[in-house]
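Engineer: As given, the protein sequences belong to chains A and B, one line each in that order. What the first sequence shows, in the working numbering, is residues 4 to 317, in sequence order. What the second sequence shows, in the working numbering, is residues 399 to 1047, in sequence order.
The set of hints was computed from the structure by calculation and includes no laboratory data. Each hint should be verified, as a subset may be incorrect.
[Unchecked claim] Across the chosen pairs, the derived CB separations fall in these ranges:
1. A:L95 x B:S597: 26 to 34 Å
2. B:A590 x A:R214: 55 to 63 Å
3. A:V307 x B:N863: 25 to 33 Å
4. B:K869 x A:A304: 25 to 33 Å
5. B:D534 x A:A304: 23 to 31 Å
6. B:R531 x A:R88: 32 to 40 Å
7. A:T23 x B:G555: 46 to 54 Å
8. A:L95 x B:N422: 48 to 56 Å
9. A:L308 x B:S762: 50 to 58 Å
10. B:R531 x A:V114: 32 to 40 Å
[Stated by the list, open to error] In the DSBU-like style, the derived pairs of lysine-lysine whose C-alpha atoms are separated by at most 35 Å in a straight line are:
11. A:K133 x B:K430
12. B:K737 x A:K133
13. B:K924 x B:K869
14. A:K238 x B:K869
15. B:K924 x B:K894
16. B:K730 x B:K894
17. B:K845 x A:K238
18. A:K277 x B:K655
19. B:K894 x A:K238
20. B:K869 x B:K845
21. B:K857 x B:K924
[Claimed, not checked] Facing chain A, according to a computed beta carbon distance under 10 Å, are these residues of chain B, among others:
22. M535
23. A547
24. V551
25. I665
26. T699
27. S821
28. P825
29. L875
30. S876
31. M879
32. T959
33. E961
34. R1019
35. P1022
Bear in mind the structure is a predicted one, so any value in this text is a computation, not a measurement. A virtual CB, placed ideally from N, CA and C, is assigned to each residue, including glycine.
Chain by chain, the residues run as shown.
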Amino acid sequence: MSAYIAKRLLAAIPVLFGLTIIVFLIMAMIPGDPATAILGSYATPENVEKLNRDLGLDKPLLQQYLIWITNLFQGDLGRSYTLNRPVLDEVLERFSATLILAGTALVLCSVLGLIAGVISAVRQFSWVDKTITLVVLIGISIPSFWLGLLLILVFAVNLRWFPASGMYAIYGGGGPLDLMHHLFLPALTLAVVATGVIARLTRTAMLEVLRQDYIRTARSKGVSENRVIYRHAFKAALVTVIPVIGIQAGFVLGGAVYIETVFQWPGIGSMLVKAISTRDLLLVQGGVLVVAAAYVLFNLAADVLQTVLDPRLR
Amino acid sequence: MAEASTATATPARGQKRSSGRPDNLGLLLNNKLATAGLAIFLLIVLTALAAPWLPLPNPDVTAPADRLLRPLSEGHLLGTDALGRDILSRLIWGSRVSLAVGISATLIAAFFGSLIGLVAGYAGGRVDTLLMRGIDMVMAFPYILLALAIVAVLGPGLLNALYAIAVVNIPFFARNIRGIALGLSRREFVDAARLSGKSHTQILFIEVLPNVLPVIIITMSTTVGWMILETAGLSFLGLGAQPPQADLGSMLGDGRKILFTAPHVSIIPGLMIFVLVMSINLLGDGVRDVLDPRLKSGALTRPVARTAVMREDKPGDVTPSPGAVLDVRGLKTEFHFGKEIFRAVGGVDMRLGQGECLGIVGESGSGKSVAAMSIMGLVPTPPGRIIGGVALLEGEDLFSVSDERVRQLRGSAVSHVFQDPLSTLHPLFTVGDQLIEAIQAHQPLSKSQASERAAELLKLVRIPNPGERLKAYPHELSGGMRQRVCIAMALAADAKIIIADEPTTALDVTVQAQVLALLDTLRREKNTGILFITHDFGVVSTICDRVAVMYAGQFVETGTTEEILNTPAHPYTAKLIDCVPVLGQTERRLDAIEGRPPVVNNLPVGCRFAARCPRAQDDCRAAPIPLFEFGEGRAVRCIHPLIAEAGHD
Chain A
4 MSAYIAKRLL AAIPVLFGLT IIVFLIMAMI PGDPATAILG SYATPENVEK LNRDLGLDKP
64 LLQQYLIWIT NLFQGDLGRS YTLNRPVLDE VLERFSATLI LAGTALVLCS VLGLIAGVIS
124 AVRQFSWVDK TITLVVLIGI SIPSFWLGLL LILVFAVNLR WFPASGMYAI YGGGGPLDLM
184 HHLFLPALTL AVVATGVIAR LTRTAMLEVL RQDYIRTARS KGVSENRVIY RHAFKAALVT
244 VIPVIGIQAG FVLGGAVYIE TVFQWPGIGS MLVKAISTRD LLLVQGGVLV VAAAYVLFNL
304 AADVLQTVLD PRLR
Chain B
399 MAEASTATAT PARGQKRSSG RPDNLGLLLN NKLATAGLAI FLLIVLTALA APWLPLPNPD
459 VTAPADRLLR PLSEGHLLGT DALGRDILSR LIWGSRVSLA VGISATLIAA FFGSLIGLVA
519 GYAGGRVDTL LMRGIDMVMA FPYILLALAI VAVLGPGLLN ALYAIAVVNI PFFARNIRGI
579 ALGLSRREFV DAARLSGKSH TQILFIEVLP NVLPVIIITM STTVGWMILE TAGLSFLGLG
639 AQPPQADLGS MLGDGRKILF TAPHVSIIPG LMIFVLVMSI NLLGDGVRDV LDPRLKSGAL
699 TRPVARTAVM REDKPGDVTP SPGAVLDVRG LKTEFHFGKE IFRAVGGVDM RLGQGECLGI
759 VGESGSGKSV AAMSIMGLVP TPPGRIIGGV ALLEGEDLFS VSDERVRQLR GSAVSHVFQD
819 PLSTLHPLFT VGDQLIEAIQ AHQPLSKSQA SERAAELLKL VRIPNPGERL KAYPHELSGG
879 MRQRVCIAMA LAADAKIIIA DEPTTALDVT VQAQVLALLD TLRREKNTGI LFITHDFGVV
939 STICDRVAVM YAGQFVETGT TEEILNTPAH PYTAKLIDCV PVLGQTERRL DAIEGRPPVV
999 NNLPVGCRFA ARCPRAQDDC RAAPIPLFEF GEGRAVRCIH PLIAEAGHD
């Protein structure tokens, strides 16, 4: 199995390279003069010319990419002109906050989605199943940024159970309890859509698996129905749901953009939104690259987990 | 969104579609939720379209004196925003913008995505690899993030947001359509078109495109809601619609700044987005169910632990026949699909003594497996149900005992061996785990004791190196080995009866002989009764003491193996025996029986075999034919039998 994992790790390398090419190309498509776009329209002509030289923007595209990727390997993603600090420093600091939020949301949506899906399948056509199906449909259709605002109104403004925002420094002051207090509402909001998708899929996967011949075999052995469902069927269903959880990591990381804005969470999503409106393109580039790389790694983890569960893939 | 990709495997429905169109709409309207979704969606679309003619205040006229009026205020049904603009009017005009952007993005994504998918699937080879690698690259990005990067480059604005959302949705179309196009381009009608000299473009758009249309529509219906949601999201972040232009998302974004003082300003547009997206998703689910019925949630039902027993009349006390371990009388099992009833088993008697082997022989679909699986309640419900008969296991009626009692008896008193050992063993557990589970289900043994016992069982079924084999997964074993494991599992708790449902059909001939020999030895050594289901008379002759021939849910002939093989009384039995090739008799004709068995939801009144029988006469079709006994355990359901002593007087 370790050979397989090593193979998967190696296979991720070209994907990561592909990401750098796409990120680079997107940035190369900036209409007009990139240096002006990066520095903003109030930049002095000298600064524009200097940046053009520094970034090698006067050279052919391929050469530009090679310069850029060499710098990337040296940990140099350029300098944010709005924050006046290295892009990498800012991005990594922000990303750790996003990782806490998105990681919690991912755990929440996996656990809740799997539980809801299994219950829904086991109690098929009962009122529990119908309720879950309806809630799931609502969860998939609800705009998360709006749901966040509603939750703030109810739980922060009216009930005062949770803070509406104010998580300014993840590692400062409050300690883990304070962090969890601040984390609850945004993580829950972020998890809603993915929970719906996972629950739907789990339900279908369970229903599909429960019709398989090996389930009949388990029953013919005299195994208890609980064991049939929670051991035999669930394990088989999990194998099909795990890659989808990997994909949901992408939706959670992306959805963090809204949630961080709504709850003023100091993560990479709110950083990106600000960077886009101030046209701090190097910061956008660095942020997008780091989040995309994280997504590739999440999917890789899902792949590996699936292999651990399914001996046929080894 | 992940569900969009599940539509990949939709089969082409070339001809049916043209005539099926009004049907589809009818089917869609049958689905209440989808109809509700359609109604709400149409209401929103029509209202948005009618906006210029509705008596609404100008959505952009500010009135500082009337700012932040609550809903239901005089002249402002939904109140006013921070600049005193009428929210209802802005909501309708904003919906117009959101709808236009969402639908345009969907059309753009559908156009380019389908084109990429069609070309990749049709061309195959390098073009396919190149295009799909590109699509994979785009999908390696978290969905919204890529849209953000595109907006970052193009600059904030509604049109740019539209492009960004369209681009990130292209992969969903490309992937789904490519899968179908790939299958279609290998089909005969495409070859025919190619040979008739049509150009690739013509083939692609005239032959292939109409067949992938349902998939395009399914993908559109599952993504349009998302696209509306995401463009609203970009506007909410201030990256989409720029003032004075407003869509639902930017209204929500503006309102957010005054959330605490005037929540209605942000809540109302958010609710509108929610209702719009929800209606589209309801409609989308309905569309998907109609165009791709296999994905319909209702089509997948979960079989319960035990077949439903719904006997029309409760049987009185039945005394078991002497010497019979298992005694089944008048078993009737049906399948109910909606109003259609398939009478799979229509009254069957089976008796099985200690160490005896009864073979049930018939073509596929004759009901032999259903009859055997009914005994321990292993016929899936829904749709199966047992509607009549008793099954006495040492005097205990299996159809009236509790679920828990059935569980206890399964695998201990009565165990099963099934046809395909690859699909009947759980692929994710080791052989050892599955054996140990079968042992522990009936005996209070520790894991290590059970493991020892499992190794003994493997030795018993002649698997070499049993200790090592316990750690193997089913896919690591050969077919014969797997079936031995299944037999070992059936022996886990000294069963009195083994129900073997075509246990050798999936194996090749030499392995088949070994497995049969193994079963035969076991029943002689352990005195286990075997109910042996097969379609193969060759197999019957090696192992069975007695045989029952089944046709269309009924036994048509019973007797000892010798009697049946040497002097078949029923024409059907004779035909079945003729199907078995005999070594050395090359002149023997391997006649498949002409015609097909009757469908069990529409059975004839008289003899069920009459339509295929060379000896059939008018009286055969007139009335049901009873099973006529003409000796000890010898019976035939025929009024013009092949042997004289079976003749009716």
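Engineer: Can you list which hints this structure breaks, lowest number first?
Structural biologist: Going through the list in order, the structure violates hints 1, 2, 5, 7, 9, 29, 30, 31, 32, 33, 34 and 35 and respects the others.
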